[in-house]
Amino acid sequence: MSNLEQKPFNVREIREEFPALRQQVYGKNLIYFDNGATSQKPKLVLDAINLFYSKENANIHRGVHYLSQRATTDYEAARQRIQRYLGARKSEEIIFTKGTTDSINLVAFSFGSTLSAGDEILISAMEHHSNIVPWQMLCERQGCVLKVVPINQRGELIMDEFDQLLSKKTKLVSITHISNTLGTINPVKEIIQKAHAVGAKVLIDGAQSIQHMHINVKELDCDFYVFSSHKVFGPTGIGVLYGKEDILYRMPPYQGGGDMIARVTFERTTYNELPFKFEAGTPHIAGGICLGKAFEFLETIDMEAAERHERELAKYAEDMLDTFEGLQIIGEAKNKTSVVSFSVKGIHPFDIGTLLDKQGIAVRTGHHCTQPLMDFYGIPGTVRASFAFYNTKQEIDTFVEAVERSLSMLK
Amino acid sequence: MNLIEKQEEIIQEFEVFDDWMEKYEYIIDLGKDLPKITETNKTEDRLIEGCQSRVWLDSNFRDGKMHFTADSDAIITKGIIGLLIRVLDGEEPKSIATADLFFISKIGLQEHLSPTRANGLLGMVKRLKLEAIKHISAS
Ligand SMILES: Cc1ncc(COP(=O)(O)O)c(C=O)c1O
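Here the protein sequences come in this chain order: F and H. Heads up: the first sequence runs through residues 12 to 422, numbered per the numbering used here. Heads up: the second sequence runs through residues 18 to 156, numbered per the numbering used here.
One chain only, chain H, in its complex shape:
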């Protein structure tokens, strides 16, 4: 599945929810299931400081693809990270650098990636794209 198909799949999954609280229940469950970054790995250089919640991002490059794990102190933020990982993990740097994450607004979560939300998510996506660009220019 490519980046666009993965996003369309998520949009479809979210269509079953007819209530905000159901949607968030699902996101919270995603957040709970997501593997944590260990405390020792929550270092300054992995931290993306939001005004409210914080995000830690650990990314690496293997066999031409980007992989990453991320964590947050807020569970809803973490659930959304889960969705972003599903879409972006294992993709080539080029696709990540140019990715249009249209699914976020389609499922009604755009507020979480708005610059004013200050939960670290937008910073996380930016940093991820930056990492991807680094790998493109290195290769």
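So here's chain F without its partners, still in its complex pose:
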């Protein structure tokens, strides 16, 4: 039911769709290389936000009036679009949350409540804090044990160690599809198969993969897949938890409130069906609808060509940066997406980031919410440029010149 047709991949045309890319900061054309943190939004999404609040605004699922029904229809249509895009079997498997962090907390709380002392949860050394802390909290509550799959210097999971750590005690493997700091693409298919072989469930943190490649949850066969709308060209404040229906069905509710109930009495409350069982309270209605629009936009993009373009950008940037004295690329996995993290001997990433900013270039500096990973590399942080399909080689030329200028000032 895609309304727009897929077009041949053309960066110039795609850029036209993103007004935020056409602006100046400090008198320089903005170069936005902080896509790992959040993406810019296409007109389709921006217009939909405006339209919703100008014409459609109403609460959903409980109104008899025209606006409420229209908003409900659009909200549920967005859910169905996301379901189809992800290849999920049913729209009941798509739970709207506040984002990746919220989705993981939901699973840690609800699925986690079914675990017992001694049960093991397996994560990796490259996880975002969002995929570490909820599990630590669960371990504290229930006496579960958190195990961490180590990585090698290139920033790849050591799969032999994964095999060693995986056992009958493992109840859940929660792993990032793509590292936000290193760009490493993890072999999630292999991980899922191996985990299932010992009876463990698998959660894939898709915060950094949904915007870079076509995801099909049925093919992956993951039990949970989570992501944030704002990193995939949609609004902030909304995200998705995909879960297999039979697993979600057996999980207890996470938060209590309106919408998630079937019937409430003071003696006993029965819960609503999926997906509403997990959606307590008035949701981010505009967010859900506009996330649907973001996927409508994505359907027009040839994702394979986009991915090739992004990888070319990263390779191009890395090859040039590599020639700078003292500069080290952090994250050299063989299979890697368009994230270029680096550190420079004797120079603090914060200084480089500040000077790049003043030259109109937005990058991220610091530990990127992956402190254990920084400890592994023994650095306080990195400078991270993360590209989206709307970035260009010319932007990278400007970026590399700006890095060169910054380093010469800081040496």
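Take the hints with a grain of salt, since some may be wrong.
Claimed, not checked - Pairs of lysine-lysine residues, derived as DSS-like cross-links and limited to a Cα-Cα distance of at most 30 Å, are as follows:
#: 1; chain 1: F; residue 1: K422; chain 2: H; residue 2: K59
#: 2; chain 1: F; residue 1: K369; chain 2: H; residue 2: K143
#: 3; chain 1: H; residue 1: K111; chain 2: F; residue 2: K422
#: 4; chain 1: H; residue 1: K49; chain 2: F; residue 2: K422
#: 5; chain 1: F; residue 1: K39; chain 2: H; residue 2: K59
#: 6; chain 1: H; residue 1: K49; chain 2: F; residue 2: K356
#: 7; chain 1: F; residue 1: K369; chain 2: H; residue 2: K23
#: 8; chain 1: F; residue 1: K422; chain 2: H; residue 2: K123
#: 9; chain 1: H; residue 1: K40; chain 2: F; residue 2: K356
Rather than coming from a laboratory, the hints here were simulated on the basis of the structure.
Given chain F, put chain H with the ligand in place with the hints provided.
For chain H with the ligand alone, coordinates are given in the frame of chain F:
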């Protein structure tokens, strides 16, 4: 020169720069020239942890005036420390405790002292003021 005059002098100096990069070049040079705190003096109690860069502050009280040295692992942070020292070093605790550091925003560096910047600078100024208040109440 009092605290206000010192700040006005800095504002004047910065007026010659018509470009952000020139401004930062100057700040970086200040950072490079600032005496370092020795590694052995970079102790926990002198550390002000920012989310990104870290600051070490060593302050003392002599003849009714406050003196301090500070260091950072980021050179731009250190350059700004240099400016803060120029303004605050050698002042009486009372002036420091109530100091309005208006020059920072006048020269366009307010982002470095914003609570979200997390580079330790705001924490450093707060701690310095706290030290000053201690000396006021002690005397
Ligand atoms: C891999 C990964 N996981 C989780 C998150 C958290 O996402 P959010 O802050 O949108 O919940 C991020 C965001 O940076 C991420 O990159």
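Review point. K369 (chain F) and K23 (chain H): Cα distance at most 30 Å?
Key: 26 Å, holds
Can the restraint linking K49 (chain H) and K356 (chain F) be considered satisfied, given a maximum Cα separation of 30 Å? 16 Å, holds
Between the alpha carbons of K40 (chain H) and K356 (chain F), is the straight-line distance 30 Å or under? Given that 30 Å is the threshold and the Cα spacing comes to 24 Å, the pair holds.
If you draw a straight line from the CA of K49 (chain H) to the CA of K422 (chain F), is it 30 Å or shorter?
-> 10 Å, holds
Run the distance test for K422 (chain F) versus K123 (chain H): straight-line Cα separation, threshold 30 Å. 28 Å, holds
Hint consistency between K39 (chain F) and K59 (chain H) [alpha-carbon to alpha-carbon, up to 30 Å]
Violated, because 39 Å separates the two Cα atoms, which is more than 30 Å.
Is K422 (chain F) within 30 Å of K59 (chain H), Cα to Cα?
-> Within the cut-off at roughly 23 Å; holds.
For K369 (chain F) and K143 (chain H), compute the direct alpha-carbon distance and say whether it is at most 30 Å. 27 Å, holds
| Is K111 (chain H) within 30 Å of K422 (chain F), Cα to Cα? | Roughly 39 Å separates the two Cα atoms, so the pair is violated.
Hints 3 and 5 from the earlier list are contradicted by this structure; the remaining hints agree with it.
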